[in-house]
Amino acid sequence: MRIIVVGATGILGSTVSALLSDLGHEVIRASWSGPVHVDLTDPSTLDKLFATVTDVDAVVCTAAHAPLKPLLELSDADFRQVKLDGQLALFRRAVHALRDGGRIVLTAGRFEGPMCRGAVGAMVNAALEAFVENARGELPRGIDAAVMSPGWVSETLASMGRTGGTPAVEVARGYVDFVLSAGS
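Heads up: the sequence shown at position 90 corresponds to 90 in UniProt numbering, and the numbers run straight through without jumps.
Since the hints were derived computationally from the structure, they do not count as laboratory data.
Treat the hints with care, as some may be off.
[What the hints assert, rightly or not] Pair by pair, the computed Cβ-Cβ distance ranges are:
no., residue 1, residue 2, range
1, His96, Asp42, 10 to 20 Å
2, Thr52, Ser21, 29 to 39 Å
3, Gly161, Lys48, 33 to 43 Å
4, Ser21, Lys48, 33 to 43 Å
5, Gly142, Cys116, 19 to 29 Å
Glycine residues also receive a C-beta, built at the ideal position from the N, C-alpha and C atoms.
Kindly produce the complete structure, drawing on both the sequences and the hints.
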């Protein structure tokens, strides 16, 4: 399979990419800082990606960002520069670029309950899940989509000096399993 992973230089994206590569799939690693440049806040980079990378079986987005700021400090820009708009733009373009029976995987998140400074993240997570749940019924040519909501990845928490979470390799298996379900 030929698979684009957006966010491929992050903890989760690099793990998903490695698992897919180890299984013999061609992985196009796209990210803000990688060799295949994609910036989810700049739709022109998505257009360039799909103009140069064709015949794709799956698109996986592990790029995720939402500001963890107090509610009263949030700006209009904070709402625009989150993972929602970029992932929706990626989704719309991916549908046209995928082969029949292709797969799209977006990333939301999960909080264990209300989280201080988590209003934007909670909004984005709910919106992505609702969007994909409703869009799946309209996808053409046997294309399917899913949203993964992994919660905190243990390696991310460790980089913040915290404990807990789920190891990236366990989370990545969920992405890989969905991608490989194409045609089954």
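query: Which of the listed hints are broken here?
result: Failing hints, ascending: 2, 4 and 5.
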